[in-house]
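All chains, please: the whole structure from these sequences, using the hints.
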Amino acid sequence: MSTQRVAVPYDHQLGKTLALLRNPGLLLAATGASGRSNAMTIGWGSVGIIWGLPVFIALVRPSRFTYGLIEETGEFTVNVPAPEMRRFVGLCGTKSGRDIDKFAEGGISTQAGQQVRAVTIDGCPLVYECRSVHYNDLIPENLLESIEKSSYGGSDYHRLYFGQILGTYASPDY
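With this note's numbering, the residue at position 8 of the sequence shown is 18, and numbering never jumps.
Quick caveat, the hints were computed from the structure, so don't treat them as lab data. Note that the coordinates shown come from a computational prediction; the quantities given were computed from them, not determined experimentally. Each residue gets a CB set at the ideal place from its N, CA and C atoms; glycine is no exception. Take every hint as true, because none was put in to throw you off.
Quick list of the computed label-pair ranges, beta carbon to beta carbon: (1) D166 / E82: 15 to 25 Å; (2) R46 / Q125: 13 to 23 Å; (3) E94 / I149: 32 to 42 Å; (4) S119 / V16: 16 to 26 Å; (5) S156 / R32: 18 to 28 Å; (6) A17 / S156: 37 to 47 Å; (7) S73 / A17: 26 to 36 Å; (8) V16 / S156: 35 to 45 Å; (9) G164 / S56: 23 to 33 Å; (10) P150 / D183: 39 to 49 Å; (11) Q121 / S165: 31 to 41 Å.
Structure representation (structure tokens):
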């Protein structure tokens, strides 16, 4: 069953979004040029204004299957999961889209984004639709040594996608 959502300001329930980013995580979805979609759990990100635009900064490692999908289209969605989606959030954080169709495995349906090719995830009461306007590759030499050791161990450094928030959509009761 598809989730009905209405347009809301990008900062709608932002405090709640940031709290859920920390735990259990948000779901970043992307759809490649071939139409194949995938979702991954993200626990790091930021929302703000850059260049006068509302932006969601999403960190994605090059080793992730979703990285390639974003590279193909430059688009992604950030989906705020409902509490009953914890199992799916866990699945998206532990399995690779190279090996399984996470949506089929989790019994979760998707629908087309309104402003982007990337899918939105049914059951998520809040969705940000984003188009990358810039990216930065993390520079290890500029990173605090303790963070480098605890989060990277010398490899697989994130790419930071600066996604202009083209639309934010929420369930009417959210």
